[in-house]
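Peer 1: Start from the sequences, fold in the hints, and give me the full structure.
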Amino acid sequence: MFDRDIWQEIFHTLKNNKLRTFLTGFSVGWAIFILVMLLASVNGMQNGFTNQFNDDATNTIFVRPGTTSKAYAGFEKDRRIQFENDDYEYIKQSFPKDIEQISARYFANTTARYKSETGAYPLQGVHSDFQVIEKTIITKGRYFNSVDVLNKSKVAIIGRKVKEDLFDKEDAIGKFVEFNGLPFRIIGIFIDEGDDNAERRIYAPITTLQRNYGNTNNISQIALTYNTSYDLTEALEFSQRLEDIMKRRHKISPDDQAGINVWNYAEAFDDISSFSTVLSAISIGVGFLILIAGIVGIGNIMVFTIKERTKEIGIRKALGAMPKQIINLVLLESTFITALSGFIGLIFAWIILSLIGPNIDAPAFSNPSVNLSTVVTATIILIVAGVLAGLIPAIKAANVKPIVALSDK
Amino acid sequence: MIEIKDLHKSYRMGSNSLHVLKGINFSAKAGELVAIMGSSGSGKSTLLNILGMLDGADSGEYVLDGVPIKDLTETKAAQYRNKFLGFIFQSFNLINYKSALENVALPLYYQKVGRKERQEKALNYLERVGLKEWATHLPSELSGGQKQRVAIARAMAAEPKVLLADEPTGALDSKTSYEVMDLIQKINDEGNTILVVTHEEDIAHMCKRIVHLKDGVIVEDKKVNQVRAEQYV
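Protein chains in written order, with our numbering: chain A, 179 to 587; chain B, 668 to 900.
Honestly, I wouldn't trust all of these hints.
As the list claims (entries may be wrong) - The list that follows gives simulated cross-link-like pairs (lysine-lysine, DSSO-like), each with its CA atoms no further than 30 Å apart: (1) K779/B with K193/A; (2) K579/A with K193/A; (3) K502/A with K853/B; (4) K293/A with K339/A; (5) K574/A with K779/B; (6) K485/A with K765/B; (7) K489/A with K783/B; (8) K788/B with K193/A; (9) K875/B with K502/A.
None of these hints come from the bench; they were simulated from the model.
Peer 2: Structure (structure tokens):
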């Protein structure tokens, strides 16, 4: 393998057939280039998804009531489930170790009026923990705190869009805005990195809204974050426990999918990672198919080379070259072309990725790149590919009959 | 040195089979210079190919330097060729991208002789055929006679037991033919066994023994008075 004479011969053949070598090498280099680019794109999509979900805390679970689809424990099906303040307290008490933040949500709509400006906005009653759950960023003033919730204070925080609509350039903090005719003091303005729509919202303490809108204990939804140290399995196991306990509490059949909906971000992540696994598998598949075309190209050119060098191989055999030595020569040559051109493709892809990759940051596509394991795998594939490409031509060469090769007729 | 008994060989040509060698009995002692003559189709090249282990016989015995040659695998044949035989071809069969020196060194490479020793030996043999100054030249830069001398040096380099020459002068004009024959005679003078296939009478008479082949059998086997090629050079 490290015989100087063999390498001399390989370089000689390559040098004498520059165009041919280039064309064959190009097919393999191109294949590897595409393979790496495809993998990098999948990686970029993965990054994009992760960024998207980073908008909300990724350890979030939403518990929503639904309508039962199965009769259970004496109840008929199609029963509407309603959450109340007790459910919030119950969950809070039941999982002190698992829960980090918890907030109930009460959804309403309101017509807000400040001086002569009015507008219709979604109004949400939440607990003060919700700031963390929703990753709400206060740009001015403050979020309401647990004391506001306890006192049922008529305070509210408004999104950037709401502020622009109602106040224009005027300072909103401390001003009173009428929601359905009731005055609320604005104590903070927020932005949300996720989307503009979220900035059309108004948040107020849930207790205040429950008292002023229908004097009810009803809540629409419970949102919570779990212990950040949980991995995916633990997170899914926790949401399962949560679902079980809530179903038992509301007398919903354990296999009723519709009665209660526990939505865990982790599940979505799980879906996304399996989605991108499938995507990588597809791109590896496509890349391989292209690579096979390249390998066939090299095999083809090697067969041609052997044909051209039949006489030379015959001479070598007459001089005492063993079949093994001929096979070595051919295999080494094809492996060398494959590996070299593959590496060039790999390096090309890598350079392009490291130049433009960090600059790409679209919503669903961010920083496409390849990691070391991809590179190592590609290298191994290349060497195997080279051997495969040379195998048939090498065997053909070894079977050259010197007598046929040497006949002048 | 060479012992052949009742050698048969036939080729299959489609549905017909062509019986080329019909029982050849032949032997040559060490140091002989034998010309194998015959018209085309007489089987002389086939005989040489079998002697050179480039082709196998259908039946019969072949003993070379006391070693029975039979049931050869490709690898075994390659080893024997390398150890026992040196080939000289009508069309020289030099590798065209290798220099004269590298061509001569090639059989030594297959004998796994070290690089340095290989170069020295090859240069030594080139010197013996009078082409030391041409060592770095490619075959395309050499004349026909020079090419054949390089080929002879290559055949000699492995120090074989027997040199097999298949129409060594077939592609050369008469003057260079005599030069090549002169060289072959000198190599024979040193004690090497050489078999020359030819259809030229004058070349055959520069050997010490002439074997005539006709239709796959030996029709004549006679010793001759060697004509020295030197006088024509």
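Peer 1: Hint by hint, say whether it matches the structure.
Peer 2: Here is how each hint holds up against the structure:
1. K779/B with K193/A: With a Cα-Cα distance of about 26 Å, the restraint between K779/B and K193/A holds, given a limit of 30 Å.
2. K579/A with K193/A: Judged against 30 Å, a Cα distance of about 27 Å means the pair holds.
3. K502/A with K853/B: Outside the cut-off at roughly 36 Å; violated.
4. K293/A with K339/A: holds, 17 Å
5. K574/A with K779/B: holds, 24 Å
6. K485/A with K765/B: With a Cα-Cα distance of about 19 Å, the restraint between K485/A and K765/B holds, given a limit of 30 Å.
7. K489/A with K783/B: Measuring from Cα to Cα gives roughly 27 Å; hence the hint holds.
8. K788/B with K193/A: Holds - the C-alpha atoms of K193/A and K788/B are around 28 Å apart, at most 30 Å.
9. K875/B with K502/A: violated, 40 Å
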